[in-house]
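Peer 1: Below, each chain spelled out in residue letters.
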Amino acid sequence: MALLDIAGVSVRFGNVPALRGVSLSVDAGEAVAVLGANGAGKTTLLRAIMGRVPVEAGTLTLDGEAIGDMRTSGLVDRGLSLCPEGRQLFPAMSVEDNLLLGANRAVIRVARARLATIYERFPWLRERRSVLAGAFSGGEQQIVAIGRALMAAPRLLLLDEPSSGLSPVAIARVREVLGQVRETGTAILLVEQNVQLAAAMTGRGYVLNRGVIAASGETAALVDSEALADAYLGGAA
Amino acid sequence: MLQQALVNGVVLGALFALLGVGLTLVYGVMDVPNFAQAGVVTLGAYIMVTLHQAAHWPFFLAVAGGVVAAGLISVATERFAYRFVRTRPLAAPAVALGLLLILDNSALELWGGDHVSLTPPYGAGLIQLGGMTVPAVGVALVLTAAVSMLLLWLLLTRTGIGRAIRAVSQNPEAAATLGIELERQYVTAFFISGVLAGLAAFAYAPTYAVFPYMADGVIFDGFVVVILGGLGNVWGAALGGILLGLVESLSAVYVSAAYQTAIGFVVLLLVIVLRPAGLFATTARRVA
Ligand SMILES: Nc1ncnc2c1ncn2[C@@H]1O[C@H](COP(=O)(O)OP(=O)(O)OP(=O)(O)O)[C@@H](O)[C@H]1O
Ligand SMILES: [Mg+2]
Chain P
1 MALLDIAGVS
11 VRFGNVPALR
21 GVSLSVDAGE
31 AVAVLGANGA
41 GKTTLLRAIM
51 GRVPVEAGTL
61 TLDGEAIGDM
71 RTSGLVDRGL
81 SLCPEGRQLF
91 PAMSVEDNLL
101 LGANRAVIRV
111 ARARLATIYE
121 RFPWLRERRS
131 VLAGAFSGGE
141 QQIVAIGRAL
151 MAAPRLLLLD
161 EPSSGLSPVA
171 IARVREVLGQ
181 VRETGTAILL
191 VEQNVQLAAA
201 MTGRGYVLNR
211 GVIAASGETA
221 ALVDSEALAD
231 AYLGGAA
Chain L
1 MLQQALVNGV
11 VLGALFALLG
21 VGLTLVYGVM
31 DVPNFAQAGV
41 VTLGAYIMVT
51 LHQAAHWPFF
61 LAVAGGVVAA
71 GLISVATERF
81 AYRFVRTRPL
91 AAPAVALGLL
101 LILDNSALEL
111 WGGDHVSLTP
121 PYGAGLIQLG
131 GMTVPAVGVA
141 LVLTAAVSML
151 LLWLLLTRTG
161 IGRAIRAVSQ
171 NPEAAATLGI
181 ELERQYVTAF
191 FISGVLAGLA
201 AFAYAPTYAV
211 FPYMADGVIF
221 DGFVVVILGG
231 LGNVWGAALG
241 GILLGLVESL
251 SAVYVSAAYQ
261 TAIGFVVLLL
271 VIVLRPAGLF
281 ATTARRVA
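So the sequence lines, in the order shown, correspond to chains P and L.
The numbering used here numbers the first residue of the first sequence as 1 and each following residue consecutively.
The numbering used here numbers the first residue of the second sequence as 1 and each following residue consecutively.
Just to be clear, a hint being listed does not mean it is correct.
Beta-carbon label-pair distances, calculated as ranges [stated by the list, open to error]:
#, chain 1, residue 1, chain 2, residue 2, range
1, L, 187, P, 130, 24 to 32 Å
2, L, 87, P, 63, 45 to 53 Å
3, L, 276, P, 167, 31 to 39 Å
Think of the hints as simulated: they come from the structure by calculation, not from any bench.
Cβ coordinates follow ideal geometry from the N, Cα and C atoms, glycine included.
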């Protein structure tokens with residue numbers, strides 16, 4: 001049984017269908033990519049999984065349990081965590097406060113223990129724990145955002161374009177951090193436009209084109225696929 | 001003369017700060033100008049008077065009862081009114097004014113329009129402070145404001161509850177994505193703000209009088225303090241309160257008492273023109 005199983009999920013904003021009958025799955029410990037052009041519905045997909053936009057049709061299950069009607073808090077309790085598009089840190093709060101907020105569902109003793117683990121794994125965060133998050137560059141903020149998402153101790157980490165807007169050096173750093181996350185066995189659902197990053201981080205993937213899954217398979221094969229080329233050309237049309 | 005004006009200014013400023021901090025907290029998390037807080041002050045004061053004088057509760061127990069009741073009334077305003085205008089920001093000021101009228105008129109209906117007084121055991125006491133004579137109720141007001149603000153600051157910066165409130169004020173959707181329940185933070189913020197309103201009632205009812213519209217004037221000063229201090233800034237509200245209190249009390253002495261509140265308004269305009277984000281502005285929107 002897959003860890004996350006999505007079947008026939010549709011979402012619409014008013015008259016605009018953002019997702020149409022999307023089905024995908026992620027196994028425990030697996031890393032899966034979703035590729036697609038601007039406006040394909042990638043963010044909507046992750047937000048739907050996280051209970052942030054209402055799902056019009058379809059089913060979502062986590063470990064066999066239906067999660068379609070669950071509140072975000074319940075989803076976090078069950079092991080889902082989203083590192084959102086644009087990082088969305090709390091700029092006037094310290095790195096440490098941002099990180100602790102990632103563990104807001106846990107009692108403080110547990111949150112502190114997770115913080116110690118994160119600091120051990122990413123000493124860079126410990127060194128900057130009292131700096132305000134708003135003071136960082138985009139790449140640094142992305143590391144904080146990933147750290148914050150990990151503070152929920154997720155079984156499945158959802159990542160929305162972690163490389164977006166970053167320099168090649170910063171992307172390399174994000175890639176390194178995600179590599180470390182992979183080593184811990186946390187499953188990943190990675191939404192990306194950067195196909196090199198997606199191919200490096202994930203084994204399997206899906207191409208999302210205007211709200212529809214257009215192809216799926218090994219990420220490395222998808223990168224050169226016609227479906228992906230169509231998705232980008234189609235996205236521009 | 002000057003010394004007395006300074007003392008009066010600090011006492012007045014402590015009251016403004018106490019009100020302003022509650023307003024700024026609610027504004028921070030929910031974006032509503034909570035005029036109804038004045039009504040919460042009024043009802044809190046009447047409940048204290050009733051518990052003390054009619055039910056014969058000991059003074060400080062009656063005060064505690066009134067403070068808790070004020071917190072609950074404030075939560076009720078959120079739960080049964082403000083919550084429904086969250087997605088309609090234009091409606092918020094009208095709803096806030098409507099709530100103020102409802103609360104004030106409830107007080108009028110329940111207790112009538114006569115002035116009554118809340119008299120603490122130390123009510124007539126005078127304290128000598130470095131050659132000045134300060135009424136004990138004024139000292140109690142300043143101490144109440146100082147302790148409340150310190151506790152609020154500790155709550156906001158040192159606890160998970162406070163961290164969640166600050167997160168919601170900075171980026172509600174990001175907070176919700178982390179599993180923070182927004183409704184719970186609204187309830188918490190309104191409860192705290194109501195408790196602060198209750199403390200304000202306790203602190204200033206003995207100096208002024210208890211009547212249905214007792215706080216409608218000072219709530220205006222509370223809003224000036226919010227603008228002076230910068231939205232969502234607790235220390236800014238504290239400093240802004242003292243500053244406004246001093247300006248008003250000095251101008252009452254050296255300009256004209258009739259213009260006291262008007263001078264506060266001039267200060268507000270000057271700040272809006274010269275420092276639009278408040279006197280103590282940081283770049284980001286925040287609470288703490
Ligand atoms: N809150 C919303 N209200 C209305 N329409 C929306 C909303 N969010 C997204 N959409 C629309 O849904 C579609 C999918 O948007 P989404 O943000 O999911 O795309 P995306 O693949 O994440 O794009 P990008 O690569 O630019 O981040 C777009 O047409 C978008 O305009
Ligand atoms: Mg997106």
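Peer 1: Next, verify each hint and record whether it holds.
Peer 2: Each hint tested on the structure:
1. The hinted window of 24 to 32 Å between residue 187(L) and residue 130(P) holds, with their beta carbons roughly 30 Å apart.
2. Under the hint 45 to 53 Å, the C-beta atoms of residue 87(L) and residue 63(P), about 34 Å apart, miss the expected range.
3. Our hint of 31 to 39 Å for residue 276(L) and residue 167(P) holds, since their Cβ atoms are close to 34 Å apart.
Going through the hint list in order, the structure does not satisfy hint 2, though it satisfies all others.
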